[in-house]
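*Asks:* Order-wise, the sequence lines are chains A and B. Counting from 88, one number per residue, gives the positions in the first sequence under my numbering. Counting from 88, one number per residue, gives the positions in the second sequence under my numbering.
Be aware that a few hints might be false.
Stated by the list, open to error - Label pairs and their computed distance ranges (CB to CB): (1) A:Lys-247 to B:Gly-202: 18 to 28 Å; (2) A:Gly-295 to B:Gly-320: 25 to 35 Å; (3) B:Cys-232 to A:Asp-214: 37 to 47 Å; (4) B:Ser-93 to A:Asp-214: 37 to 47 Å; (5) B:Gly-281 to A:Pro-122: 16 to 26 Å; (6) B:Gly-320 to A:Arg-126: 22 to 32 Å; (7) B:Glu-370 to A:Ser-152: 19 to 29 Å; (8) B:Glu-192 to A:Glu-332: 52 to 62 Å.
To be verified - Computed list of lysine-lysine pairs in DSBU-like fashion (alpha-carbon distance at most 35 Å, straight line): (9) A:Lys-213 to A:Lys-395; (10) A:Lys-206 to A:Lys-170; (11) A:Lys-213 to B:Lys-371; (12) A:Lys-258 to B:Lys-208.
As the list claims (entries may be wrong) - If you only want the chain B side, here are some residues facing chain A, beta carbon under 7 Å, derived: (13) Lys-109; (14) Gly-113; (15) Arg-131; (16) Ala-141; (17) Val-243; (18) Leu-269.
None of these hints come from the bench; they were simulated from the model. All values derive from a computational prediction rather than experimental measurement. We put the beta carbon where it would ideally sit given N, CA and C, even for glycine.
Protein chains: 2
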Amino acid sequence: MNSYFSYNKPWILQRADPYVIKSEDGQYYFTASVPEYDRIVLRRSDSLTGLSEADEKEIWHKHESGPQSIHIWAPELHYLFGKWYIYYSGGDKDSIWDIRPYVLECKGNDPMNDGWIEKGKMVCCKDDEFSFRAFSLDATVFNACGKWYYVWAEKVGVGKQISNLYIARLKNGYTLDTVQVLLTSPDYDWERKGFWVNEGPSALIRNGKVFLTYSASDTGINYCMGMLSADEGSDLLDPLSWKKERYPVLSSSEKHMVYGPGHNSFTTDENGDDIMVYHARTEKKIVGDPLYNPNRHAMLMPVRWKDKKPVFEFE
Amino acid sequence: MNSYFSYNKPWILQRADPYVIKSEDGQYYFTASVPEYDRIVLRRSDSLTGLSEADEKEIWHKHESGPQSIHIWAPELHYLFGKWYIYYSGGDKDSIWDIRPYVLECKGNDPMNDGWIEKGKMVCCKDDEFSFRAFSLDATVFNACGKWYYVWAEKVGVGKQISNLYIARLKNGYTLDTVQVLLTSPDYDWERKGFWVNEGPSALIRNGKVFLTYSASDTGINYCMGMLSADEGSDLLDPLSWKKERYPVLSSSEKHMVYGPGHNSFTTDENGDDIMVYHARTEKKIVGDPLYNPNRHAMLMPVRWKDKKPVFEFE
Numbered sequence: 088m089n090s091y092f093s094y095n096k097p098w099i100l101q102r103a104d105p106y107v108i109k110s111e112d113g114q115y116y117f118t119a120s121v122p123e124y125d126r127i128v129l130r131r132s133d134s135l136t137g138l139s140e141a142d143e144k145e146i147w148h149k150h151e152s153g154p155q156s157i158h159i160w161a162p163e164l165h166y167l168f169g170k171w172y173i174y175y176s177g178g179d180k181d182s183i184w185d186i187r188p189y190v191l192e193c194k195g196n197d198p199m200n201d202g203w204i205e206k207g208k209m210v211c212c213k214d215d216e217f218s219f220r221a222f223s224l225d226a227t228v229f230n231a232c233g234k235w236y237y238v239w240a241e242k243v244g245v246g247k248q249i250s251n252l253y254i255a256r257l258k259n260g261y262t263l264d265t266v267q268v269l270l271t272s273p274d275y276d277w278e279r280k281g282f283w284v285n286e287g288p289s290a291l292i293r294n295g296k297v298f299l300t301y302s303a304s305d306t307g308i309n310y311c312m313g314m315l316s317a318d319e320g321s322d323l324l325d326p327l328s329w330k331k332e333r334y335p336v337l338s339s340s341e342k343h344m345v346y347g348p349g350h351n352s353f354t355t356d357e358n359g360d361d362i363m364v365y366h367a368r369t370e371k372k373i374v375g376d377p378l379y380n381p382n383r384h385a386m387l388m389p390v391r392w393k394d395k396k397p398v399f400e401f402e
Numbered sequence: 088m089n090s091y092f093s094y095n096k097p098w099i100l101q102r103a104d105p106y107v108i109k110s111e112d113g114q115y116y117f118t119a120s121v122p123e124y125d126r127i128v129l130r131r132s133d134s135l136t137g138l139s140e141a142d143e144k145e146i147w148h149k150h151e152s153g154p155q156s157i158h159i160w161a162p163e164l165h166y167l168f169g170k171w172y173i174y175y176s177g178g179d180k181d182s183i184w185d186i187r188p189y190v191l192e193c194k195g196n197d198p199m200n201d202g203w204i205e206k207g208k209m210v211c212c213k214d215d216e217f218s219f220r221a222f223s224l225d226a227t228v229f230n231a232c233g234k235w236y237y238v239w240a241e242k243v244g245v246g247k248q249i250s251n252l253y254i255a256r257l258k259n260g261y262t263l264d265t266v267q268v269l270l271t272s273p274d275y276d277w278e279r280k281g282f283w284v285n286e287g288p289s290a291l292i293r294n295g296k297v298f299l300t301y302s303a304s305d306t307g308i309n310y311c312m313g314m315l316s317a318d319e320g321s322d323l324l325d326p327l328s329w330k331k332e333r334y335p336v337l338s339s340s341e342k343h344m345v346y347g348p349g350h351n352s353f354t355t356d357e358n359g360d361d362i363m364v365y366h367a368r369t370e371k372k373i374v375g376d377p378l379y380n381p382n383r384h385a386m387l388m389p390v391r392w393k394d395k396k397p398v399f400e401f402e
């Protein structure tokens, strides 16, 4: 840890939906949504906190027009099926809310330097008549018992819509092998503030369990985190395998001046301890539409464990 | 029981979505969808099986045009807040799939003779921005611990849609007091045949539990029944209170020549034993679109109990 670093304080400024992965060779990578929503950036460092000072490289830029030409959101870097992939979402400047999930595949083994191939829109299973037909975003992937799963948010409904989380198994880095399964819908008041939203899933697998955190409500100070869990060995495509927490696992704290915490990811620090990477604001009063206010900053929080479940606390 | 009656055989011909209620004074009432989908009918008898021979009276006819002018479906008669109500659904002949839930209120205490007032479309809670915006139907109501609940099916999604079940608490016979809560979505293969459907809910309250059956998949021979249950004293607006059965509780039986059983309701016979009223077909091969084939017949089945849970068996 460098001397300037503090948990639960802005760590990397104006980087929302922050994502960190530690690769097999011990290198840390960071990516996130940038306020311009126009590109995908990547940083690399040999230490976790070193990412804040690392050079940021643009590895992909939005298209001029058509799909992927606006609202480039929530990239995540993962290594699966022997390759590096980046999962992200984007809209169409002529239809800005036509957000869909896309995939980049790395040409080599060095995400910073080897270049990326567009694999296009995420491909759903041939029997799936529902996935990626509406506003869909925030994909993450995880491996449980040797199988890869893809979890994403997608809106349903006519008129005003509701954002749910879905899961499916992956066939390869850019294709689903099974039809969608609904994991969670905004059931409670804390998931229904401003908008009815479940999004930003992230998996943490420990103690034989899959803990799947997600974010809820609108992107302002109501934004908060919920959690599902399942036995790692259970059928993760069966909703009965999953248990949802009745209350948020993390929400705004006036005392700590942390507002709208969410859209997290998980990594481990140099000691092997679990660290949550998330974004939050330090201002209670948000100027303008929260989606276009740039002051969501990446922060870090050590994950504590209680009764074999992760606990998220500002101090 | 009259001598012509057999369980799990056609009891009242060409009456789908059959519904029976035994009133406080011991009279039995029957209503159902008629093949023409153009009217609401009612029968009364002093015995359950007597309903098959009872005169059928039309108590309401579809409108000439506009809402409620086509596809009049699944009426149910209930007594709540001191009045008789009929819950049903209907479409608009100029937009036949704009199905919405409607309510009739009886002018007096005699459902057969006192006439009915149209209360119009079911009114959702003022904070509810989602309910009854899309194809919504099959409402039922039940009372648990002194509170009335309304459960209905509504489709979500763009393009091809998915029919889910929702619950809310009632403020009066035609107004919801709370926003919608998602109870179940078609999660399993048996709920996803032809169409992804959960519909036709019906509550049975026994042994301190609410058993909520529903129907799944398309209206043909894939149609089958699933079940949820909750403790009667739990928060029924909390999805965590509900447990879904992994497998259907009733489905087609070649041996018994019963195809596509579902859209049931519950009543008690003259001995106080629980009886399920449901529809099914006796032909495996359905001529034409199942929705417009008239041969869904009302049948009766005694409800058996095992480990304090209802069991549905053809023999």
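*Asks:* Hints numbered earlier in the text: which of these fail when held up against the supplied structure?
*Replies:* Result: hints 1, 5, 6, 7, 8, 9, 12, 13, 14, 15 and 16 break, sorted rising.
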